[in-house]
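Chain residues, written in single-letter form:
Number of protein chains: 2
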Amino acid sequence: MLARFIFSGAALISLFAAQSLAAERIIVSPDGDIVLTVSDDGGRAAYKVDFRDSQVVAPSRLGLLFKDTHGFDRGLEIAGSETTSADETWEQPWGERRFVRDHHNELAVEFVSTDGPQRRMTVRFRVFDDGVGFRYEVDKQKLFGKSVSITDELTQFAVGTGVTAWWIPSGEFNRYEYIYEQSPAGDVQDAHTPITFKNEDGVHLSIHEAALVDYSGMSLQRQRPGTFKASLSLRSDGVRVKTSAPFVTPWRTIQISPDAKGLLNSDLILNLNEPNKLGDVSWVETDKYVGIWWAMHIRDRTWGRDGIHGATTEETKRYIDFAAEHGFIGVLVEGWNIGWDGDWFNNGALFSFTESYPDFDLKEVTGYALSKGVRLIGHHETSGDITNYESQLEDALDLYKANGVRMVKTGYVADAGQIERIDKNGIKRYEWHDGQTMVDHHLRVVKEAAKRNISINTHEPVKDTGLRRTYPNWITREGARGQEFNAWGSPPNPPEHTTILPFTRMLAGPMDFTPGIFDLEPNKRPPVREDMQRSDPRNRPQTTLAKQLALYVVLYSPIQMAADLPDNYEKRMDAFQFIKDVPTDWEESAALNGEVGDFVTLVRKARGGEDWYLGAVTDEDTRTLEISLEFLDADKSYVATIYCDGPDAHWKSNPYDIKIYEREVSAGETLRLPLAASGGAAIRFTPKATAQ
Amino acid sequence: MLARFIFSGAALISLFAAQSLAAERIIVSPDGDIVLTVSDDGGRAAYKVDFRDSQVVAPSRLGLLFKDTHGFDRGLEIAGSETTSADETWEQPWGERRFVRDHHNELAVEFVSTDGPQRRMTVRFRVFDDGVGFRYEVDKQKLFGKSVSITDELTQFAVGTGVTAWWIPSGEFNRYEYIYEQSPAGDVQDAHTPITFKNEDGVHLSIHEAALVDYSGMSLQRQRPGTFKASLSLRSDGVRVKTSAPFVTPWRTIQISPDAKGLLNSDLILNLNEPNKLGDVSWVETDKYVGIWWAMHIRDRTWGRDGIHGATTEETKRYIDFAAEHGFIGVLVEGWNIGWDGDWFNNGALFSFTESYPDFDLKEVTGYALSKGVRLIGHHETSGDITNYESQLEDALDLYKANGVRMVKTGYVADAGQIERIDKNGIKRYEWHDGQTMVDHHLRVVKEAAKRNISINTHEPVKDTGLRRTYPNWITREGARGQEFNAWGSPPNPPEHTTILPFTRMLAGPMDFTPGIFDLEPNKRPPVREDMQRSDPRNRPQTTLAKQLALYVVLYSPIQMAADLPDNYEKRMDAFQFIKDVPTDWEESAALNGEVGDFVTLVRKARGGEDWYLGAVTDEDTRTLEISLEFLDADKSYVATIYCDGPDAHWKSNPYDIKIYEREVSAGETLRLPLAASGGAAIRFTPKATAQ
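Residue numbers (the numbering used here), protein chains in the order written: chain E, 6 to 697; chain G, 6 to 697.
Extracted from the complex, chain E is given alone in its bound form:
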């Protein structure tokens, strides 16, 4: 086995034009398609990646710099290496698929110093059939004192200028909430991950990270056109990461696929995370919810009492009744607690997480809900003031637990770099949403919640890096432009948005996009009150109705919101049926086709059931997809309940034209799905009878 994937020796690579003999280590993926080469050429640690005999990552540096001691930058040589391989399958408590195969070859390369004081680091590479992960491992050594301050990580990703990139900018006010840009990689500036590239041969790469724990998030900084450097988010004390030896960094990941859809079928990020640390997590619930939320975004209601308060006992009961009637497990209520009046955006310290507004009776609401088999979904908006939040966290979670709450949505609305905390000296600090402080904060909240069997759905979060495997109660999060931008975003999400998300943001993990807006009219209604002016009257979801349904399958989340007002669903119960039916937890999932920014089709099989569901979406272009039904059980025939764009559907002129019909199908068939401009299709496949 070893011989198959490891070659050692001396070879010449020319990372920086130095011409000395360098040591190399080479490791290949189990299927042989990916070849990763590690080198100490010129005294620098470096790697490169080839896929099917073409270079996809040119020689790229590795290394770390420290504040108080010598770095792993130069004067390094490969002192040794170890290889192993693994092929095991593990089970997810919830997820896109029950069983995940982890099949990889591993190479751990030890770099030691050839000059300066003695120092050593290991870079551990794992090469899967669907990509590469590597991390730095630094053990206790004379080099370090009590603490280690990392001032820079030298990791490069040299993808070249010519590949096409889909990306969002990093370092700007709106965190991850940007419309994706498509450009040659040479034109990409500083960008968040996941960032996805496509080369001339159709090979797709996506760079991200896995298992971001007690470290700062990595974005990509353009060093030269097409060559990116890891840019670790700065801590407010000026260093990038503060830790102590021994430590390991998050995994730097490069998912690789010969086509776009292959990226969606990759479990690489999850495989690079640690197994579940919470033990029995049967208390983690997956399912669908409704809530007092969209009403605020369209300015029918307000979070605080400086308008028309949404979170009243009465209004919540109305949502509870609706949830109970239609089988939703929860009702999210935002704006129930004191602090929302006036300029809460910059005044997170005003929030109480235990004191409700006088017109919201927590006990009454939660009691009423439970009597109907529904639970309140809690809400904590911090406005980015984490000191205030952490000081109340335990009490706040205790209160919810006492009232039967099993899920809390947290929020961190604050400009990037403007998360506030008061340090131990009483000094106000400003942190980044993806800096080490927030990485640590989120895990603290998730662990506190776990103690109380509460799951966390983080909005304005740090990006997902697969930690749901280790902490399955970190159930979903936001971290991209969601549905609310269709209410007030300038501009709203363009038709192609949800055809890019699967290939970028969704590679990181579940997203609480909150699909299912049925009111697709421009937002032209008069304000409900003079001081509650609506946003741009042209705003609306730029999709057809069928596409809103398809999003429940396309954009994976173990909890999904039916985001619209109950009244709007009541007008279209035929289409609403799909939302009622569609599960949020799956036995299997597969992307059948797709091109980034154009279209995508996913199918998923209900966890513990026999039904399959399909979601397909397209960008602004009309297109017809040919769907081979070979994913269905060949032994069965199915009734397909199809929700697709009608013949006159068009997101702009006729979004409601939906065709809902049943058809008998089987695995041998091919289904033609006509999608309107920014349209979609949602299908439920139910086994009819066992053939033969």
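Check before you lean on any hint, since a few could be wrong.
You can't tell identical chains apart in this list, so a pair holds if it fits in one copy or across any two.
[Said to hold, decoys possible] Restricting the straight-line Cα-Cα distance to at most 25 Å, the calculated cross-link-like pairs of lysine to any residue (SDA-like) are:
(1) K247 / S152
(2) K247 / K429
(3) K145 / D428
(4) K433 / S152
(5) K147 / G80
(6) K429 / G150
(7) K433 / A250
(8) K429 / G121
(9) K433 / R124
(10) K151 / K247
(11) K429 / S118
(12) K456 / Q97
(13) K429 / S249
(14) K147 / D428
(15) K151 / K429
(16) K247 / E279
(17) K53 / E29
(18) K429 / V117
(19) K151 / D428
(20) K429 / A250
(21) K433 / H75
(22) K429 / S152
(23) K585 / G372
(24) K433 / G80
(25) K247 / R426
(26) K433 / D144
(27) K247 / H75
(28) K429 / D73
(29) K429 / G80
(30) K247 / F149
Quick caveat, the hints were computed from the structure, so don't treat them as lab data.
Got chain E; can you put chain G on it based on the hints?
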């Protein structure tokens, strides 16, 4: 006087939607066109700028954050303010004009804390007719310990998304050496300064800084589209600036003009620098030089001995003869010292600054030069290893002084962020070219040189911020894409390059662009040796011959190189005459016309003489400029010696077509100057006789 430009009071501005009564201070420029408003709205320090009743900078934050104590971020109020005004004229030892008028109104606003520990800072604003400058002034106070570590500067510049910007990216490998991009300000990512904007009304703004001393250089980080934040270059220890109280920051500058050419006539940057600290600087020489330099860039010769060594005694004497014959004061010799062989790019430690190659006899060369009235121009390439350089600096300068050298060109070829130094603990550190370490280093070099009556011409420098006023021996520098990119750049400088530089890079100060390449053929000649392959054979300066001449007037530098090989000048002595004639030190200078990226015309009057010189250049477009000669003395008539594009000139097809002729002109006339595609015109005006 006071009443004219200062109004205090409470007013409502809505920087962050807070709605409390804020204190304001307002100051206007002497001519009343610029109105600057300072506010403490919402407890934050902020300013905005109006020009002729239109907002040119929307409300923008001010402030500083510190590592070890409370910042000037929130909880601030205006405690008081002081106003003064000044109108004085000072004399430059050398420069674009002998006399500079400093006419401004000043407002110093004291901000104090309303919560947290007591703290206070002053923001001092100076408002000139040509723009605004402001800086932070922080005095000794209880707040601080022995040292002050600045972790962020909050200064914003909200110019809006719609204005057009000309800019180069910051934070990337090639320092400041980029082709300028033109885009809406909303599309600008992180950018260096000077960055220049033009609004719909034709108003031009340029943001930069003045008097960068013991602080990190500021670039602009996009915070929101069209809103930029000061991004101070990071020190390798993770903070932005390390200083102690009291301290003042550099001036943040916004030059404002109703048209493009007004920017070129602004002395704002110089006016915000401190007066000359060196006393008698009559030893600082301005004039023209030649050198062993272009031969290496076109790969006729090499710096080291791993090819055909350029810097030999014999070759240098040949250049000295040429310089003596044609009136050049100096001969630059690069590659004379040990260290250039092999991979010097990453091995700055190999350089000796006192030991010459065996085929270069420093004593003989300098003696020979002096005997002919010429001086050697010294050269120190550090390859960014400043520890190695500083350890030899005094000896190196002593050696040059002993050999009659009065000017040294220094070089810092290294990727951005890769300046190397060994700290006091022996740890290798990586610094930015514009970080505090380098800001301090350069001034150390300039001061050491001044002690020996040596002037410094810095390549791969920190950007200019007008320190030549304070240290007149910091005579010029590079800091943009220069002529050498025409030898090997990919691509070479485009035709518009030198029509953008005056409105961007040149606003900072003199540039050693090294004009005057007469060989305008594509670089197709065979290599002189097999191991000295030429670069892209299409490379060449993309200009006409006349444009090369015009650059001596357009791109100001008190020392100018005639950059081409002597052989190439000897072939075209008619055109060369302009280079021989044109001075480099001026009594007066004025931009007559110009549009950024299209064309520009400058006229300058020789220091201590009566001759005027004109330079005009155009981009890829042919155009005819109408030049009113009203700048000439109305009492005189002049002989104009005109070097302009011939009727068939075109940079690509016919670059050598030049028309050289004399014509009698006087102040009342208008001259029509036809410029070819990427052409130019250079004119010397010599008084003929005193009329009446």
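Intra- versus inter-copy proximity for S152 and K433 (alpha-carbon distance at most 25 Å)
Cα proximity of K433 and S152: in one copy and across copies (23 Å, 19 Å).
25 Å Cα threshold - placement of D428 relative to K151:
The answer is both: 21 Å in one copy and 21 Å across copies each meet 25 Å.
K429 and G150: within-copy, between-copy, both or neither at 25 Å Cα: Intra 22 Å, inter 17 Å, cutoff 25 Å: intra and inter.
Measure nothing new, just compare the shortest in-copy and cross-copy C-alpha distances for K147 and G80 to 25 Å and report within, between, both or neither.
Cα proximity of K147 and G80: one copy only (17 Å, versus 45 Å across).
Could you figure out if K585 and G372 sit no more than 25 Å apart (CA to CA) within one copy, between two copies, both or neither? within (24 Å within a copy, 94 Å between copies)
Should K429 paired with S118 be assigned to within, between, both, or neither, using CA atoms and 25 Å as the limit?
Classified as between: cross-chain Cα gap 20 Å, same-chain 38 Å, threshold 25 Å.
Check your understanding: With identical chains treated as interchangeable, where does the CA-CA distance between K247 and K429 reach 25 Å or less: within a copy, between copies, both, or neither?
Key -> Both, since 16 Å and 22 Å are each at most 25 Å.
Evaluate K145 and D428 at a C-alpha cut-off of 25 Å and name the case that applies: within, between, both or neither. This pair counts as between: shortest inter-copy Cα distance 23 Å, intra-copy 28 Å.
Tell me, please, which holds for K151 and K429 at an alpha-carbon limit of 25 Å: within, between, both or neither? both (19 Å within a copy, 20 Å between copies)
Can you give me the call for K247 and E279, within, between, both or neither, at a CA distance of at most 25 Å?
within (22 Å within a copy, 41 Å between copies)
Inset, instruction - Using 25 Å as the alpha carbon limit, work out where K433 and D144 are close: within a copy, between copies, both or neither. - result: between (34 Å within a copy, 21 Å between copies)
- Message: Within, between, both or neither: how does the pair K53, E29 come out at a Cα-Cα threshold of 25 Å?
- Response: within (11 Å within a copy, 58 Å between copies)
When each numbered hint is compared with the structure, no violation occurs for any of them.
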